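*Asks:* Protein sequences appear in the order of chains A and B. According to my numbering, the first sequence is numbered sequentially starting from 1. According to my numbering, the second sequence is numbered sequentially starting from 1.
Now the in silico label distances, taken between C-beta atoms and shown as ranges:
1. B/Leu47 <-> A/Ala13: 42 to 48 Å
2. B/Leu55 <-> A/Val91: 34 to 40 Å
3. A/Ala12 <-> B/Thr2: 42 to 48 Å
Facing chain A, from chain B, some residues (calculated, C-beta under 10 Å):
4. His4
5. Met7
6. Met8
7. Val18
Here are some, though not all, of the chain A residues that point toward chain B, as calculated from beta-carbon distances under 10 Å:
8. Arg34
9. Lys37
10. Leu55
11. Tyr103
12. Leu114
13. Asn115
14. Asp121
These are calculated hints, taken from the structure and not from any lab test. This structure is a prediction, so every number in the text was calculated from the model and none was measured. Just so you know, even glycine gets a beta-carbon here, dropped at the ideal spot from N, CA and C.
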Amino acid sequence: MRATTADRTQPAAIYLICAAAWVVPGLGHLLQGRRQKGIIFLVALTLMFVYGLWLEGRLFPFQISEPLVALAFIADLGIGLPYFIAKSIGVGAGRVVAITYEYGNAFVIVAGLLNMLVVLDAFDIAKGRK
Amino acid sequence: MTSHFGMMVVFALFVSTVFATLMRDQPREQLLFGARLLVGFVGAGVLIGWLLYPLPL
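Sequences and hints are given; from them, build the entire structure.
*Replies:* The structure is reproduced here in structure tokens:
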């Protein structure tokens, strides 16, 4: 069954699957018939991101003068669409004096990084490596 | 849940869920591997916390 999935997947489709997997966590797996995994990624990563924002974590801006802030921005962006939704509704300003601020940042950043791993897994499946 | 320990457990729960789903294919294997990861993460956190306890800030 896995070989069949790989045989069906055209090179352009592989990159579309990766893009979809980035935009919506788990969508890359759902599109390739891995329903259980896709739903778990969608729920777990979205909840982790939202929990981080609830803990008053910050969505970092792209600041090249501050390399660590720029890296945090890239990690935040890894979650895809939820990042843009959060930005558009004005959450993720972060409250530095909140006791949960650093914890919130850890949740938001790690949710983005984990979604990058999920995108790589979707790529491997599309390539027929898994 | 905003206690330090509570947040660590929730963090470990999310990370172990994603890792177990990534690394195992069968639901039963995912559950067992995820549980082992969760216990490992929380246990390591508590252990390192106690090891750091005598050190001055």
